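> One-letter residues, chain by chain:
Protein chains: 4
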Amino acid sequence: MNFIEEYLRIRKHSEQICEPLQTEDYVVQPIADVSPPKWHLGHTTWFFETFILKAFSANYQEFNPEFNYVFNSYYETVGARVIRTDRGNLSRPSVNEVYQYRAYVDEAMQKLLSCPVDEKLTELLILGFNHEQQHQELLLTDIKYILGNNPLFPAYSKDWKDATESVSGENMINITEGIYEIGYKGDGFSFDNELSLHKVYLPHYSISANLVTNHEYLDFINAGGYQDFSYWHAEGWDWVKNNQINAPLYWNKIDGLWHHYTLNGLQKLNFDAPVTHISYYEAYAYASWKGLRLPTEFEWEIAAQKFDWGKRWEWTESAYLPYPGFSKAPGAIGEYNGKFMVNQKVLRGASVATPQGHERITYRNFFHPHLRWQFTGIRLAK
Amino acid sequence: MNFIEEYLRIRKHSEQICEPLQTEDYVVQPIADVSPPKWHLGHTTWFFETFILKAFSANYQEFNPEFNYVFNSYYETVGARVIRTDRGNLSRPSVNEVYQYRAYVDEAMQKLLSCPVDEKLTELLILGFNHEQQHQELLLTDIKYILGNNPLFPAYSKDWKDATESVSGENMINITEGIYEIGYKGDGFSFDNELSLHKVYLPHYSISANLVTNHEYLDFINAGGYQDFSYWHAEGWDWVKNNQINAPLYWNKIDGLWHHYTLNGLQKLNFDAPVTHISYYEAYAYASWKGLRLPTEFEWEIAAQKFDWGKRWEWTESAYLPYPGFSKAPGAIGEYNGKFMVNQKVLRGASVATPQGHERITYRNFFHPHLRWQFTGIRLAK
Amino acid sequence: MNFIEEYLRIRKHSEQICEPLQTEDYVVQPIADVSPPKWHLGHTTWFFETFILKAFSANYQEFNPEFNYVFNSYYETVGARVIRTDRGNLSRPSVNEVYQYRAYVDEAMQKLLSCPVDEKLTELLILGFNHEQQHQELLLTDIKYILGNNPLFPAYSKDWKDATESVSGENMINITEGIYEIGYKGDGFSFDNELSLHKVYLPHYSISANLVTNHEYLDFINAGGYQDFSYWHAEGWDWVKNNQINAPLYWNKIDGLWHHYTLNGLQKLNFDAPVTHISYYEAYAYASWKGLRLPTEFEWEIAAQKFDWGKRWEWTESAYLPYPGFSKAPGAIGEYNGKFMVNQKVLRGASVATPQGHERITYRNFFHPHLRWQFTGIRLAK
Amino acid sequence: MNFIEEYLRIRKHSEQICEPLQTEDYVVQPIADVSPPKWHLGHTTWFFETFILKAFSANYQEFNPEFNYVFNSYYETVGARVIRTDRGNLSRPSVNEVYQYRAYVDEAMQKLLSCPVDEKLTELLILGFNHEQQHQELLLTDIKYILGNNPLFPAYSKDWKDATESVSGENMINITEGIYEIGYKGDGFSFDNELSLHKVYLPHYSISANLVTNHEYLDFINAGGYQDFSYWHAEGWDWVKNNQINAPLYWNKIDGLWHHYTLNGLQKLNFDAPVTHISYYEAYAYASWKGLRLPTEFEWEIAAQKFDWGKRWEWTESAYLPYPGFSKAPGAIGEYNGKFMVNQKVLRGASVATPQGHERITYRNFFHPHLRWQFTGIRLAK
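Chains as they are written, first to last, in full-length UniProt numbering: chain A, 1 to 382; chain B, 1 to 382; chain C, 1 to 382; chain D, 1 to 382.
Extracted from the complex, chain A is given alone in its bound form:
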């Protein structure tokens, strides 16, 4: 790998994602989970500055020492930080300053990478690449939330291509019982939560080759799925009632007709597209209503060679827990995954927001069960 080229390719992609934005779109934070785009641009830069330039680049001068306070996400090791819900209250640093920060760090990184790169640096570099790619995904979902919850429903880009799902229907794949290997085993990069490689016993199961479509999900709505507690977890049912949920996020009924906001703007609902922006609670309730269930993350990983994935992050029944033999790296880098391993559900696959080459069959994404602003979807099992 040519590190400079790869570095610049990935860094440029973040900026390309933001190209269609107006300055104001970079600033707001309509809900705590959604960060302002300028924060993503600054935070990913801070990651390279803090963990690489300050550690490996002799005489490196910080761009602005106060940015540590502004752009730290959750690293307790690295010091105090703006609380998460305050990110959208900061008009400064301005978008221009953030781009200057990026340029400054990019230049220092290129200088650093023009010298020999040792193993420790390589490791952090690859982590930095993957970290920025994760934020590219978030950039797109956060932008979608910012624009899609604005009463004017501005489009992000007319050229955006959303996921399609040509095939539908009950096309089940059967997997025989046995001991299987789970976890990352290649030479390339993986996150610590994909390790270590280990065996699990799986009983016989079937898993659908297709994602659930908007059309199929609408059947659940029309059958009264949001009004019948028996399909829901107790906490899911409370969530439905307290938030008056009756459809996926971004669905709007206008004059009796279902529409959904996509990155192309407000559209008539595409019945054949895979359903998206549903919570784990909804995914579970849908599966219950069908008399089926969600797959575990192990079932998914073993079966995934046999079906087409990468359009939606797929909710699994698995809780986000450490694999046998999991251990945290020491220091700030060790804060990456382990400290979130409670009260979250695993998602597998990738989505239309995932940058090319970032998806992986062993990749474990995770979110709290009520969250919907990611491109989440449903695959059924039994």
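Please keep in mind that the hints were generated in silico from the structure rather than gathered at the bench. Note that the coordinates shown come from a computational prediction; the quantities given were computed from them, not determined experimentally. Any given hint might turn out to be false.
[Said to hold, decoys possible] Derived contacts from chain B toward chain C, CB cut-off under 10 Å, selection only:
#1 76
#2 203
#3 237
#4 343
Think of the CB as a built atom: it goes at the ideal place given N, C-alpha and C, for glycine as much as any other residue.
Assemble chains B, C and D onto chain A, guided by the hints.
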């Protein structure tokens, strides 16, 4: 009055206030009470469009019908609106669009005002002028909050002139008991809450010629005023403890030295300036500590000819209540003042943020007792 | 006054109020404003023990030193205390222990009062009597809340006599303008908030001889009063919507028929009784709907000789503020009234829950504007 | 099994647990998770009445139809109910009435059980027994919370015997890797969540023969475990800071000496007893600090034949999820376990509060990770 000139003068002043801002500064809403500057620019424009152009200008075409939803503040009569706490979540309309909206409405207003102006229109026009001037005051205090609570403490403008208070000390003015007239009685404009003119009986009282200074207030802090419940209302004491208040808003102790954020940026505390950005609770506690009290709004109005005011909005002991004979105008305009007449305290005077000519001895400002982001101050009485 | 007799008479009355209760009824606190009856019995006893026995009775031994923590209401001077919302979480001290506490303190008080009583002790004694009488009123309203919000609607007592209002209709009393004297001026007891006697100027006004009845209030409901924002304060309207208010507290529509819970149990609504258990917001909205207003507390005090009062505490338009010349007593006793003089409304009169001899034309009761569990009512003015 | 005998034995045990209580102790609910003892007594009775007597006993007359509303816990199928946080606001039905309700239902049950008992009834009967035994455990922990959080710290009973842990130290049991069978396989009763029997693959692991003691846990406290984020989950760390946690529940430092409230009253900390009343977050942090981890529920189940358990419910690393092949029963009975299978952690074992014969090696208890009022403990693995 040349209406077109006056209209343009006032409208231009709002935009001049915003001149030093960067685009991002127009967008954020760090607390519910502070509105994004672009919202103020849009809302004051919507006021002219809704109550004047739509009513008086034949064939007037709205700039954008959805702006009614975005820029309505609290007029239930006029329909649904963005909830107040969501104003800072809207990246669109962009700042540019808001300025286009202003230009569009300004043109239509000039056209309307070039024809004869009848009495009803005159009345609404003057209300619109005063309404925009009230928002100019809020623009400055909201901008101060946005910048002064940013960890980078950016200055608004190096040319800003803050209030000074040359004289200090116990310079009490005595007023003899008697029946006095309260309320607006001129021919010019007044808000409905200044009416009607009525008599009150006042016992003999004394009132300070000077505002309390930072120096004097610091004595209260150093004497442990924030640690002794006996000076406070029970609700004030809860507020102090729940919010860990120990100084006025914008005061920061840096390396043992008191600083305060002003529109010029972070400065060493100016001891001789009148104290500002204190809540009613603090004003009351300070007065208790001095063995004095705050004046009532009636005491203030009668004495105000004898002292120099206009640097700080001054908290009074009076609750915001209707005057005898108060009546609301019918329709949306009647929602202006009456519906807020509970749980608020009256402030009298004006402040450095008040646009020239907008102050008036009978003017009644009002805020909830815990609020501090206005240029509030303390005058003592006994 | 024979102090021992008066002491025993008042103390016994508190216990008589509780006679119909079951042990469990003494314990619960369904909302923060309602205290468990055993708490009232203990707190009033603690008041005599803390402010009188400990100060005046040599060698007095506290019944239980921990009761200071349990039964202090809000006196910061006297030390830490159970937070108000935790009163209903305490199963101990048991009801029996509280009655033992009362007996113990009563014995010590009788011993103390059998000796000569000096002026300072007299003053505190009278305060203690009035304090216990205030809690007798609260005992009844709190018991009503506890039983009236229980799904089984148990009656407090079949012998309870609720207020009636024989006369109805527009019977207005006219008062001419002039300077009037306000505040307590007798030799007997008054609270500090009724002082000092002072003059106010009142313009000409009219005030109704009658309280508003359930029948009249029902007209407001049926006319859509709870659905039309224009009658309400902005904060009142928020309160109506957030709490889905559509009738006075204790009104229940059963099979299309209005019932109300009274201390006799659930009854068909008595149309001729004065309306009660309404908030200030509702009283104000009702008055607005009638094209009238609530009286100020001064108007009430001057007119009250001319009408029949004492069935309902009557909401006034006045905010609870100090009279000119008001001053707090030093120490804990000074915490009695002054520290609540913000954000509350004055009520005048007395109610069916007021113990005989405790009502007074200058008495100032006060509550936050949203509260409804007292026997509150409406008198109109214009 | 003689059903009548077993029924009476279990029913009597619930009442024996409550024997030391005063009437007031039956009523309060200091936190949402803790139900008033009289509610437990009523709810377990309602379970027999609703699911057995109403279904199987011809002409059965409900004791009081409104009790369905009062004593339903969470069964949506069976209708509306008092919201959980309101249980402590109900003074009625009184404790006496609840005991009358128990006697009434017990008589009807004896009559029913004196006739032949078919299979369906047997199944519900056994479920009712186990249900009441689960509530006996909660009765004890809820009583402990009610008394142990009272400022007077009353003892429940001087005769109570708390758990002891004679052995301590690193006594690790090794289990070799392999496929193991998990889940209930006997003929007796098990809950639906213990089914179905299925295989899991376990890698080699070690598990401690002993529970962590108070002494060992104190080492963690003294080493600053509550001040170092690196041992904690991010959510655990927030929980520690927001609730200012620095020791297990019921630990009180008095004059520099650690005490803990036990059912015998406030005692000096017993260093050799197994630590209890810690959250999952604390159990996890303790294990991290030791460089070890918590076992999974599968590891626990396989190893449990080799160590002594039953003193503490032991937190496991496993999330509460359905076993392969899990299915819910139709109707209300199906609401028993399945709907809670999200966001909770599994506990294994039993505790000093578990009624004799109710413990089982395959039993799966579950609680949210922050809860501490159960007799929870820590067993380490690696």
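> Please name the hints from earlier in the document that this structure breaks, with their numbers sorted from lowest to highest.
none
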